[in-house]
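Asks: Spelled out from the first residue to the last, the chains are:
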Amino acid sequence: MPKKPTPKPRFVFTEADKKRRKNIFIQLYRFIVLGLHFWKLSRMSH
Amino acid sequence: MAKIVIVGAGFAGHYAALVGADALKRKGQHEITVISRVPKFTYIPSLVWVGVAQMEAEETQFDLKPVYDKMKINYIHGTVTEVHPDEQYVVAELPNGEKQQVDYDFVLIATGPYLNFAATPGLGPENGYTQSICTPPHATKAASEYLELVKRLEKGDKAKIVIGTGHGLATCQGAAFEYICNVHNDLVDRGLRDKVEIMWLSNEPRLGDFGIDGLEAKMGSLIYTSEMMAEALFDEYDIKWEIRSHVRKVEDGKIYTVNLDGEEKEFDFDFAMLIPPFKAQPIKWIDKDGNDITEKMCNPAGFVKVDANYGKPYEELDGPDWPKKYQNPIYKNVFAAGIAFAPPGPLSQPGKAPDGTPIGPTPPRTGYTAELSGKAAILNIIDMIEGKEPSHTASMAETPGLCVASMKNHWITGEAATIAIYPVARNYEKYPEYGRDLDLCVAEIGLAGSWFKALLHYAFLYKLQAKPGWKLIP
Ligand SMILES: Cc1cc2nc3c(=O)[nH]c(=O)nc-3n(C[C@H](O)[C@H](O)[C@H](O)COP(=O)(O)OP(=O)(O)OC[C@H]3O[C@@H](n4cnc5c(N)ncnc54)[C@H](O)[C@@H]3O)c2cc1C
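Chains A and B, in that order, are what the protein sequence lines are.
Going letter by letter, the first sequence gives residues 1 to 46 in the numbering used here.
Going letter by letter, the second sequence gives residues 1 to 474 in the numbering used here.
Next comes chain B alone, as it looks inside the complex:
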């Protein structure tokens, strides 16, 4: 009997658990245990709507335990603090403070990001002056701060809103883009838009980069880029932008930045939502002699190394360098998926300010990419249980990026950008001209996207609760 431990129950870990339990149903007495810090699954993409007070955080969540009971998956509510890969166990800290040792034959690390607000002084809703929409409590707080601002605007005040990224190495620009568009449209609907200046502040090298090095799509005989789309949209929405920027610090009502040209700037704000940089969850890797081998197992940000080609400069990085099987090269029974795996480098052009401050998006991994990597990892674990070599792949240079960026959530007046890219990571070896197959790439704004976005919310929450027919939903 093999024991599989999955750490984290987000898109990567939770989906891997469902796929694994389903695949192992008729394959003997194997055991899957999920350890998650939070007893609920959160459909993070809909937190954008929570942040503009159009949805309650509870509507994005469901309890994990009943789903795991149904799928015969063991569940431990706890936070993993250590992995002992030689002795094959993890240490989980339970909510009552006790520590529990959980043995494994195979472990899948799917712990997502640690929101590193401390990297920028004054950033974040807990010890700083800016809001975040990255977790349900953050999005709920952002909504109440936003509604406070709305009250002031209704009394006749004017205000400045800044939305974007809060550090030179932040990622997840797509979520901030959705938020700025939703805020704009919400203020239009409330008749308050003319009282507000809205600014996009980001570390992107070009507008519309989104941390994926932008995208191109065909429009008749023309090539249409995400830069063109974002510029035209921000012009239409009267949103100013300041890109190629690192946030040095935030004070009450003031953001201090430096950009790639070395210019230092200050921006006033009444409300700001800035995405923090990500690092890995603080998990220690300890060998059989008690030595801390975290540096050997992980990249400097703490993300777990897998079967990627690490160490290449950005200019030389290409499709084949991206991981395929999500297996650790040192311990073959260790896998990592979703945001928890260490990418071989950024997707977007990295840069440096004259003083050496790095400015450039680190690579995002969407929910869909997280699911695909989690699925490949668990199926590879099952291959190994059956005595085979891991055969399942889901490289970001061979799989599509499917994303619907909400701009306004409404069945009749809504809008969203429907974006498909293939593959996510440019693969010049396969597609020499653009690194992507432009016949498969789409970027289109419209009401249809808004229907998709709403449908995805319900479809994912249905699928991930393993309700009847869940396997049919991609």
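Here chain A stands alone, though its shape is the one from the complex:
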């Protein structure tokens, strides 16, 4: 079976990452993008 990548070095969320996670405008945009992605994937399986 093919090998999977080993995650190195250790990943850390930056302050920018943390702000982005809570920024309402970015998150509204991500809500639409991720929503469309979920919709597409669910259509592939029904």
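In short, the hints are calculated from the structure, not lab data.
Check the hints yourself; a few may be wrong.
What the hints assert, rightly or not - Computed, partial: chain A to chain B, Cβ under 7 Å:
id: 1; residue: PHE11
id: 2; residue: PHE13
id: 3; residue: LYS19
id: 4; residue: ARG30
id: 5; residue: PHE38
id: 6; residue: SER42
Positions of the beta carbon are idealized from the N, C-alpha and C atoms, including for glycine.
Model the placement of chain B with the ligand on the given structure of chain A, informed by the hints.
Replies: Only chain B with the ligand this time, still in chain A's reference frame:
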């Protein structure tokens, strides 16, 4: 007229009943009967919030009978104890203790898991010392124990919390992950987090494995893994972790473990929520001569065998080995879906401690996977009623895993990990490098996920009550 019996009314059985009733509407006088031990449907994913006292168990439930009356589905409140596949009937034990024989032409077993607390001495809320969030009563009890702990913390006490899996072969790590994050954030909001040490204890071979062999997603030109995400998050939340571990026993305030390296450890706790291992519901399969053929029909854990390739070692298992039609190979009119079907093997790397104790997650099946398998099974039954070969497939190696892991439930300050993988079971034959199509895989933490999670709660409860337009909701 064909008689279809569906045993169990969770994600797999209940959705199959709705899809089947809808598909059979214009196809003559066929009959669907659902037999369920519990007269309510429970939206299990929201039990995580019940367990931190942020939602009442009743808000996750609705009565099945009115929905079935509306959809012209027969309903029997009872527990199936036997299936007689030669004579084509099941035996249901009714709440008053009477037994009822229910005849079928086709049967779909969708009974979900039996929570096997007895596999670990001292595990569980009934005969042990740990909590569970797997059923509404368990989650309600977990919430009241948690609130007791909060009271003690408010008085100035310090405490240790352990959350994760309670056995080397447990599954459902995702639910425990949601719970640990919600507990952390709830304690932060109450201003009590600095009084508590929180530890993640699990049987995962790597952090972020979640029983699905982890996941990879693209982030620009980088490949980002669930291990990286979980490590970074636990660092941020100051949650310690102890993985690759089997819980040998639990005593009042103490958990005893052994890990893959053979190290035996002890952990103190004031509050622990550990997911038990699953086995199948105790249903006997009996042939026309009265012989017990359960071993022939089911795997050792009691899950019903379907059209999978069983018996391959983990290293050789690949996408095509996963079941597609959910049909039993011996009795073609028997189907099994959701957690009730026997998977061909684990998704995550299995391991053994030096003393032979198996440690490695058994394969989870999410609510979405349960629905898809239930839908494929019922549509295949309808194919057979119409004299056709079953044509509907929903292999876990060809369908996506869509999951939103709640971390904090709030419209403004909430957070959740939005996770999409395609397919759920790695399919190296189709995607040689990772076994998955990384262009379709997503793992992202943010407020948007929290909105999704809340929306899914209402959307599923709406859809599964067959309210107007329910078929439009995937
Ligand atoms: C706390 C928690 C959180 C979760 N969160 C998520 C999530 O966020 N997303 C997700 O996709 N999945 C989640 N899951 C997993 C999801 O709940 C399961 O995959 C799903 O419930 C499986 O559906 P099922 O129909 O196979 O079984 P179940 O939902 O367990 O349904 C089985 C049904 O069969 C009935 N039954 C059992 N035995 C008998 C019998 N002998 N006779 C008659 N009836 C019987 C039961 O009463 C029940 O109604 C979570 C699980 C837990 C425990």
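Asks: Each hint should be assessed against the structure and marked as holding or not.
Replies: Hints, verified against the model:
no., hint, verdict
1, PHE11, "holds (4 Å)"
2, PHE13, "holds (5 Å)"
3, LYS19, "violated (11 Å)"
4, ARG30, "holds (4 Å)"
5, PHE38, "holds (6 Å)"
6, SER42, "holds (4 Å)"
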